[in-house]
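**Q** Protein chains in written order, with the working numbering: chain A, -7 to 284; chain B, 1398 to 1916.
Just so you know, the hints here were simulated from the structure itself, not pulled from any lab data. Note that beta-carbon positions come from the ideal geometry of N, C-alpha and C, so glycine has one too. Hints may be right or wrong, so weigh each one.
Said to hold, decoys possible - Calculated cross-link-like contacts (lysine-lysine; reagent style DSSO-like; alpha-carbon spacing at most 27 Å):
(1) A:Lys215 x B:Lys1682
(2) A:Lys214 x B:Lys1861
(3) A:Lys214 x B:Lys1682
(4) A:Lys130 x B:Lys1841
(5) B:Lys1519 x A:Lys(-3)
(6) B:Lys1481 x B:Lys1803
(7) B:Lys1682 x B:Lys1803
(8) A:Lys215 x B:Lys1607
(9) A:Lys273 x B:Lys1481
Said to hold, decoys possible - Label pairs and their in silico Cβ distance ranges:
(10) A:Glu209 x B:Trp1613: 31 to 39 Å
(11) A:Thr149 x B:Asp1793: 19 to 27 Å
(12) B:Trp1613 x A:Thr149: 48 to 56 Å
(13) A:Leu177 x B:Ala1689: 40 to 48 Å
(14) A:Pro151 x B:Asp1664: 54 to 62 Å
(15) B:Asp1659 x A:Leu191: 44 to 52 Å
(16) A:Pro36 x B:Glu1524: 22 to 30 Å
(17) B:Tyr1812 x A:Pro36: 55 to 63 Å
(18) B:Lys1720 x A:Asp84: 16 to 24 Å
Stated by the list, open to error - According to the in silico footprint, chain B covers these stretches of chain A (three or more CB under 8 Å from chain B):
(19) 33 to 47
(20) 127 to 136
(21) 215 to 228
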Amino acid sequence: MRESKTQEYPVIWLQGAGCSGCAVSLLNAVSPSVRNVLVDEVIPGKHVNLRFHPTVMAGAGDPVIEVLEEAEQNLKGGYLLVVEGSVPTAEDGVYCVIGENDEEPISMLSHVESLGREAMAVIALGTCAAFGGVPAGKPNPTQCQSVQEVFSSRSITTPLINIPGCPPHPDWFVGTVASILLVGLPSPDELDVHLRPKLFFGDLIHENCPRRAYFDEGKFAKKLSDPYCLYELGCKGPVTHADCPTRLWNNGVNWCVGNGSPCIGCCEPGFPDVVSPFYEKITDEAIPNIGA
Amino acid sequence: MGKIVIDPITRIEGHLKIEAVVDDGQVKEAYSSGTLFRGLEIILRGRDPRDAQRITQRICGVCPAIHATAATLNLDSAFGIADKIPDNGRIIRNLILGSNFIQSHVLHFYHLAALDYVDVTKVAHYEGNDPALNAVKDFIERGALGPFVPRYEGDYRLPDEIDQLATAHYLEALAARRKAHEMLAIFGGKMPHDMGIVPGGVTQPPTIDKIAAFLWRLNELRDFIDRVYIPDVLAVAENYPDYFEIGTGCGNLLAYGAFDLDGHEPDLLKRDRLLKSGTVSTDLKLGEVNAAKIAEEVKHSWYADVSTGRHPSQGMTEPQPDKEGAYSWLKSPRYGGQVYEVGPLARMVVAYAQGSPTVKEMVGSTLARFKASPAALFSVLGRHAARALECKVVADAMADWLLELKPGEPVYTEYTIPQESTGMGLVGGPRGALGHWVEVRDHKIANYQCVVPTTWNASPRDDKGQPGPIEQALTGTRVKDEDNPFEIVRIVRSFDPCLACAVHLVTPKGRSLGKFRVL
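Isolated chain A (complex conformation) (with noise of 0.2 Å):
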């Protein structure tokens, strides 16, 4: 090993009751990629160590679980904790187990409460990590929480951060984590009332929408396919935070209502249930006085 003068910035990555849409999401990010994320110094000098990735790393077993008891020892303050998923609580967690310890399985949430509490800081990414998302949807089977919930019930108070989405996009968390490792923690005011990067989340949908003209001007469309504004179909850009309209998806191919479909306000807390039924129109007293 040579002497380097590179930074290494610890990454543990979670993930509990969930899909690890997200993590493929960010295997989607292009400038930079994944691969620069995972191999290069991402900032000149700093080196995002991905230690633990349940969908990525090599090892499995005992070997990966002693990563994280490591982590939890030895660094702590000193590493970024990413939480993709929702944390079932039901039944002390018994709904997602990771891992085990001296034969006794180790629930999701023990990982969350003792890596969340030893962390520099902490991302929960998606709309599951950061808001309970499709497995907190009613009737909730596993009593599913976000992050913010377990942190605020057992008095954790490490920094956090909320990237929603389903999934989210991966410049909304590549951008966050080279803002991190640029200038650090964002300030209070750098977020929004759900602990949203306001770059990010700080417009509705509906403002930057392009078919928004249509909008305005009473153009509807009367079934899916057709062009026009969404909204009689159920499109939720009205009352969802996010900037898909103007940074578009997958190398800026196209976004949702660019496509065609109705917004399903995956961003927003409480999706699923209070975005839907995803096909039936929001009543007009739900949408905000935009631009005003």
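Place chain B on chain A using the hints.
**A** Relative to chain A, chain B alone:
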């Protein structure tokens, strides 16, 4: 007698634990357990049926497009429009699903499976000019090797130059699979969790610019499959030839078929599809799939025995967490009471036995190269090879479909949600046979059931005590080094398990952590 416990099994989708009882270096018994439960089927109850397409995609972020497909076929049939989807809609659905097949198969081989065979640290000795490999060399020299270390150590057999080439391809494959998602998003809006496939058709009409943008990404991916993916699978096979004999499994294969070539036959199992439906066993004798023969057994699952042996349309989930002799949250789907494996291997062997000219030639020449008989297909390497060859079959067909699109013609048909109805959607996904069933009452979902590929493959012992396909594939395996059980993880990963799919169904109650033990 010893026991190997691997928890978590990584580089799969979801949460899996494997326990293997080892005696004198050989696996005597194996048990697989899923360790995450979400209860999505319960969450679906009472919702607008159309929302099932959105919600069921969230079962799995690796292959959401197949849940979108199964859900829409299911809802099309429940809404009475299974035979009315416009050709443009049918073709675009195929293009979206095909893009995800390519994405999923490439991701599986390179990013989920390859690190069992490829030693990335060999790049430390690299002396060439490839900037990507030199970046990896710098990374290794810096010394912080996560996520590539820790890992099992010992059985890495590739020569240095192939390890280095395969590492370069691991990185190239990251870009290839990303491109497959970009291609998908042209008609799917975004990915993961595409927005385009909906009951009635798709949301996005085809235009010439979209067709061209799709075609040229597809051509790059076809080149990657031919030039990189298939040769790499063969290179691994050449250096690990014993894996043609390891992980045989149950010897029965089941395929529902995928990629509708005809949109007007309402019976999905009679519909002409690119990948055909069928059953086949080691004797290569073919059978027709009869959906009535699918049933789920629960003797070794934590459910009341009263629910055993039911067809999924009558599916029932009555948890009984303290049930004696149970050890899994997965039920045991069985076909005619027998154990069946699903996945690309099933589809390729069905096509081979049916005499499909393309598949017969590809599989035949692969077997000839290794001087192997068709029996060698039932193996770890057989599964990887079948996946790679299927990737080519699908990608090549997509190029033809793209040119069948007719800009200006409809992609969607309107419908009304009936007050009461039932539906069934059967289709083959990247990981194998997927079935969705719905019962609609008062225009809402009364019951929604999914029987997913990994539930077939990772199922526990059934009512007759027959172990599931992965359990059978592990049993009898020689483990050279119990501290580094490469054989076990290579067998498990050859099935490309997706545990988030497999264990989403259940509604467990009150199990204590201390009882979460198999032995």
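**Q** Determine for every hint whether it applies to the structure shown.
**A** Outcome of the hint check:
The hinted pair formed by Lys215 of chain A and Lys1682 of chain B fails the criterion: a straight-line CA distance of about 47 Å is larger than 27 Å. Between Lys214 of chain A and Lys1861 of chain B the CA atoms are separated by roughly 54 Å; this puts the pair beyond 27 Å, and the hint is violated. At most 27 Å may separate the alpha-carbon atoms for a hinted pair to count; Lys214 of chain A and Lys1682 of chain B exceed this at roughly 51 Å. For the hint linking Lys130 of chain A to Lys1841 of chain B, the alpha-carbon distance of about 15 Å falls within 27 Å, and the restraint holds.
The straight-line distance between the Cα atoms of Lys1519 of chain B and Lys(-3) of chain A is roughly 23 Å, inside the 27 Å bound, and the hint therefore holds. Simply put, Lys1481 of chain B and Lys1803 of chain B have alpha-carbon atoms about 17 Å apart, close enough for the 27 Å limit, and the pair holds. With a CA separation close to 40 Å, the supplied pair Lys1682 of chain B and Lys1803 of chain B exceeds the 27 Å bound. Only pairs whose Cα atoms come within 27 Å are accepted, and Lys215 of chain A paired with Lys1607 of chain B is accepted, the gap being roughly 21 Å.
As the CA atoms of Lys273 of chain A and Lys1481 of chain B are separated by approximately 26 Å, the hinted pair is consistent with the 27 Å bound. Evaluation of the 31 to 39 Å hint for Glu209 of chain A and Trp1613 of chain B yields a pass: the beta carbon distance comes to about 36 Å. At roughly 56 Å, the beta-carbon separation of Thr149 of chain A and Asp1793 of chain B lies outside the given 19 to 27 Å, and the hint is violated. Roughly 51 Å separates the CB atoms of Trp1613 of chain B and Thr149 of chain A, a value that falls within the hinted 48 to 56 Å.
At roughly 59 Å, the beta carbons of Leu177 of chain A and Ala1689 of chain B sit outside the given window of 40 to 48 Å. As the Cβ distance of Pro151 of chain A to Asp1664 of chain B is approximately 57 Å, the hint placing it in 54 to 62 Å holds. Range check, Asp1659 of chain B to Leu191 of chain A: about 49 Å between beta-carbon atoms, so the 44 to 52 Å window is met. Take Pro36 of chain A and Glu1524 of chain B: their Cβ atoms lie about 26 Å apart, and the range 22 to 30 Å holds.
In this structure the hint that Tyr1812 of chain B and Pro36 of chain A lie 55 to 63 Å apart at CB holds, the actual value being about 56 Å. The hinted window of 16 to 24 Å between Lys1720 of chain B and Asp84 of chain A holds, with their beta carbons roughly 20 Å apart. Given a C-beta distance limit of less than 8 Å, the hint that chain B covers the segment 33 to 47 of chain A holds, as 8 residues qualify and 3 suffice. Counting residues of the segment 127 to 136 of chain A whose CB lies closer than 8 Å to any CB of chain B gives 8, which reaches the minimum of 3, so the coverage claim holds.
With a cut-off of 8 Å between beta carbons, the segment 215 to 228 of chain A has 3 residues touching chain B; three or more are needed, and the interface restraint holds.
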